[in-house]
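> Join the two chains into one complex using the hints; note that each chain is given alone, in its own frame.
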Amino acid sequence: MGFIRSICVGSLSVVSAVVLVPDGRGLASAAEVVHVYSHRHYGVDEQLNTLFTGKTGIEVKVVNAEADQLIERLQAEGESSPADVLITVDAGRMQRARKEGLLQPVMSEVLTRGTPAELQDADGYWYAYAIRARVLLVAADRVKAGEIRDYEDLARPEWRGRVLVRSSSSSYNQALMASMVSALGEKRALAWARGLAANLARPPQGGDRDQIKACAAGLADVCLANTYYYGLLLHSADPAERAAAGKMRLIFPNQGGRGTHVNVSAAGVTRHARNVANARAYLEFLVSPEAQKLLANGGQEFPALMDLTLNPTQEKWGAFKVDTATFRQMGEDQPKAVRLIDAAGWK
Amino acid sequence: MPPDGSDPVRRQRSRWRPALLAVWLPALVVLLPVLVVVWRGLQPAGEAWPQIVEARLGGHLWQSLVLAGSVTLLAMVFGVPAAWQVTMHEFPGRRLLEWALVLPLAMPGFVAAMAYVDGLESLIPLYVRVRTAFGLEAFLRVQQIAPWVFAIGVLAATLFPYVYLSCRAVFEREAAGTMEAARTLGAGPARVFLRVAVPMARPAIAAGGSLVAMEALNDYGVVTAFGLSPLTPGIFRVWTEGHPEAAMRLALMLTALMVLLVGLENWQRGRRRFAADPGDIPPARHRLGAAGAARAWMICAPPLVLGFLIPAWRMARWAWQARDRTDWRGLLDAAGNSLLLAAGASVLISLGAVTLVAARRLATGPSLAAAQRLGLLGYALPGAMVAVGIGTVVSTLAARPGFGFLALSVSATGLVAAYFVRFLAVSLQPVGAGFDRLSAGLHEAARTLGASPTRALVRIDLPLVWPAVLAGATLAFIDVFKELPMTLVLRPFDFQTLATETYRLTGESRIPEAAGPGLLMVAISLVGLIPLSHLIRRRLQ
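Protein chains in written order, with this note's numbering: chain V, 1 to 347; chain A, 1001 to 1541.
Okay, chain A solo, but in the shape it has when bound (with noise of 0.2 Å):
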């Protein structure tokens, strides 16, 4: 009891609230890029903007939209018949597709692309039969659907286990007794399938799609490598030339596309929340004859083979024929510092979230759950704009006398600030839960027992929360190891990645040779991800 005898929760209060900046800056840093795009979105844009809107607005945005969406719905094609197979049904080989559905997610879009964009050459005959058979105009028309087609095909079979997760998380807990309910009914697999698995799983479906469609917007190696311009591209491209009101306009118009998404999904979820008792029904698969195995197989296979296997399998083999032209000094330097960048902004990125999550251990109040809520908002920002956003700081910050060791050009410490943004809720979800788990009255305890807050915190419960952290961590370092448009236009001079190399040497036509550095980013990425997937399925419920 103080001696005072002043009310402890109130002292407590007051002691902390000078440390309450410190809980709010990995927030601020979030909140930082939005504000200078919106701010400097406002600003008249130039003669530039008037002749953006008339050329290339409207190609921009229909090309998002359409691109968000038909991904979205391949990926469902290809994502909740698969978690449904594997969930519901036993038959051979059932436990490998189980987890190599997952593989797709360590293999960046850009680097599938690069082993698809030969296949427009190839296709070249097909092209020339369709001219000599149906004329000019059908000709015409299928060039201008072939990159579509591929793009999409990419993007979905390479985002796909993001629904493929969350609905099997579904089925696994609900879907037993409601289907055993149904087949007793009489119902055969398909109906039980359309009637009962989708309207069940569809806040699941909801959830992951959000995700995949996010993802899409975002993307900027598969579009550019079709020869595609939606909004990412147009935004880079727009910055680029010189005019960077125009392009944070346009990334206002794509933040304001996620936000429709979200909103979106919240609305599709609705008061839907998962209903029956987790866990308490074990999954009874149901044994499949040798026609259902197969029919399975067919269902699960194809959108493995076509987001991993292939992709890995042509990549393989250019960097095998490759060897001997193959930059193996620019090779490692690429891989060292792709693992530097990522670890460092992991490290960076954990410490934000435990910093915003664990303030709520030492003081309460409204504005602390606010912060958080923001830190969560990074992951719904599209990555072009984090990066105009990032950039204009950091030059403003450059331009000042004594601060020229922070120009984009020289440091990366700009690119660091953005990926800090961009995945803080990567590593915050995680670690959040993790502390949700964690008993308060732990922390109490040792309270009691005279331990001040801090010493509370880093004794009992960081210890307690370290695996959630690290999972966080490893969750994010796996993002930035990936990251592309960010990298590429934020990165120090003459410094490339994995990502920027692969890109640039793609970019060059030179594939086998770029077949190297994406190969390294796969097998790294694999590294993380194996033991993650479930980490992941629980992110997404």
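Isolated chain V, as found in the complex (with noise of 0.2 Å):
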């Protein structure tokens, strides 16, 4: 009898700590930290918190989750939210973040003057901390120079067979065919990802850097990929990732015209922090030259202000123009674009 209450005694409180699982953050906010709410899960971000904390004293406590997710909690917590900083990878979700009501403004020349303005919020409400361009890499054995220049080339008949592309439930196509939308209108832009989805190689799987090795085997000749994935392969520890790498040559879109899609990771001070302080101090770390070379050498994004003189392989890519009309656009866009994505059929 005994042992049988011992087990039902023993797997109830089991059963309770399931349950409950503690989320400890909520409460403990003691006076030196900064809790982050963030996208990003990149190595170099671990390496910024503790550069930040051996700087300032203030510990980071981090959560991590994809965007979407992230706001709707921050919708669903409301005041009681712990969080007092947001980082998406995605302008799109920070400018509806903003439109939700989640972020406060932060008024500091340190964040003014260390992020362009054409890529921040201009009521100060978030700010771009590190760039990311989603750019053409073609196979340099099979390519010649001049043969692509645009997306809009992508969807041309005489690439079929031969480009790759990640799958559309990516925020970084989304958001690329946001900026589509927005420069061409709704029927061009649909025309171009049906003319996109016939030319691919393969039905869409795997990463951006699924692309561009598979690019390098010989798959097919010219794929999409963000800068900081192409810039991590050519620096990666695997040589057989290097030499993938080393076959391919990159190609900024769209150069004689509006110029090459990016995106940004930023971050803003969320409506209801508890560190508005520290949360700033954040920020402003984020931007700050050691943190911008960090960014920029351990995570192969380019800098806020586009100082490419901080990392030798971007300065051989070279300065590139980029799309900043319809970056103001993207989060408005985005509803469009995947539904357009859907009626494409691109997979």
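Worth flagging that the hints you see were computed from the coordinates, not collected in a lab. Just so you know, these numbers come straight off a predicted model, no measurement behind them.
Derived CB-CB ranges, DEER-like: (1) Arg1459/A <-> Thr53/V: 54 to 62 Å; (2) Val1053/A <-> Thr53/V: 50 to 58 Å; (3) Pro239/V <-> Arg1285/A: 46 to 54 Å; (4) Pro239/V <-> Glu1508/A: 18 to 26 Å.
Beta carbons: idealized from backbone N, C-alpha and C, even for Gly.
Below, the structure written as structure tokens:
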């Protein structure tokens, strides 16, 4: 009997431990801490946070999740949210977070001067601190210079069976499609997505890195990828990955026109932040020269002010024209983009 | 005899009527997501729905059907002949193969998929040759087919043990006499297999095959790894895009497929119950010569190699290579979360199963049998449906003032409830069987000696069925431990399990780092699986 009872008691305590996963973060708002809700979980982020704590003594506590979930959670938590800072890798998501009233403006000269005016919120609700461009990578031995220049070219019939891109469920592709919608209009953007889907060498699978490697191996001649993936492959510890990246050539698209589509790693202070001063210090730290150098070299993202001298690899790629015209529209056009991608049959 | 002289049976029933509600509780929890999904699925789904119907539905449906069909077929090709070889023949290594063929059950499909995903890449030179030799159209066709070949292969190679176990059980019990007869009449081994073994095992093949088909329809990790989009990932995608009603309609379609499958299995089985006397004739294994033994190995080894050895070997190598890059603390955290969740859920599931089954000792009535049948339903419910149903219930509750602690992002309540719904049946079956084997006379004797029904249950019945309860709990533990899609969508924030961690790292193409958590999952599942393989076999019968 005693045996059964102890089993029952034991099991109930296990159950209650499981059902009520201790949150722990909400209550402990010790003096020197900043709570960050972040979509990013790259290795360089940990280095950044350690560096920040070392310099300021402020502890960084991070909660990782997809941007949409983070926004949803901020909404649900309202005033009781423990978050001080929201970080995503998509300006569209930041625009949405501002629209939903989840952020508060921060007025800081360090920040306004630390990031380009076109890539920050006009009223200081969020600031970009690193930039990634969505570019074309072509097989250097099979694609001649000038054979492909623009995103629009990817839909041309001569590229049938020669293009690789990851799934349309990726936010990178949705943001690119949003910029196509705002540059070309719905009808032409749809036709473009149809053409692109028809030109794919294989049904979308894997991430940006996989597209680059598959191109290098000869499966296709051109692929879409974010610049830092290419940079990371060039600097990979794996010699095979370095060799693959070495076979590719980078093309910044649409240089004769509106410029290359970029997105940003961006941070904003949450509406109900309890540690506003620490949050602000954290944002300012992210655009400091030291942090920028780490971001450029560790994560291979472009520094906020596009100072290419920070990273020799990026310096070699050279300066390029950024599409700032469609940038501000990104959040608004995203739902339309998702609908059109579906209609185009881009899986 | 009661002093007022009333009928004791009637008194017992009236006394236990209020408790009926408590007994029904586990069944109601299982029913809840179904009701929610049906109710919400019938509501207007907004403008998203026609768009989904036009752009995606057809693709989701045919992909689901092709996938379930081909995986089941291939699992039968892997499982039936292997079962035949190890039960009917004696050859060097037979005993080893007999239990090793169960090992793939410890290898979750999405973990095995990780070991094959890079196969798509290493085959590129071959694809390029196809393009130069046969032209662009042939190349594109090969590209369409390749992910299917991989996904179907991985799923079949990890799921075939369901067919293998059910067939082995039948062959062991029934085949000896029949086969001797067929041999005496001059039939060769191939003829005996096709004309005697396969027809004899048809109900068992149908039972194992329907489990395989269900798992294939429920799969999320393998199909997404290879870029396919059948219904299950389709439901989750629509759900995360913020169209719950549309997701529920898709979930209802998937459930309809499952129901169709169960119906198909019942029809296949028909009245063909197992007819021979079980256990009377010990299987006399036919000793094979060198050629026969080689053939037996060639039949049994491939599924084992594909479904377990290759993935395990590759993962072990990757885990070793990535040992410096591995985030050990994160891995330990994830392992702790997995263990805690699986332990907590399996305790709850066992309590539910015991309540449902033991109730029949305490009271009678047709509603109790119905409750038990409802409890069994959960296993046929698609994980995607349970996830969206429970997700909706929990978010609705959490939106009420004072219930915020329930929110999916903060607590595991919803996740544990989903596990309960989906895996109650897993524990219910062994517990039910345990009680069925137990003579009701013992319980009656205790009652005659003056024990109350509850006391008799706790003092007499429970200690005797304890092993069955424990077995059921272990089965549920393993299933929860390996579960991926429901965990992905219902888990609290910033909360990783071994399954979600493996999936996340695989998704980020960080395969060597994903090998650590994957391997740990396989190892822990193995510990539970080996002593349980005979029990699973019983569950299949």
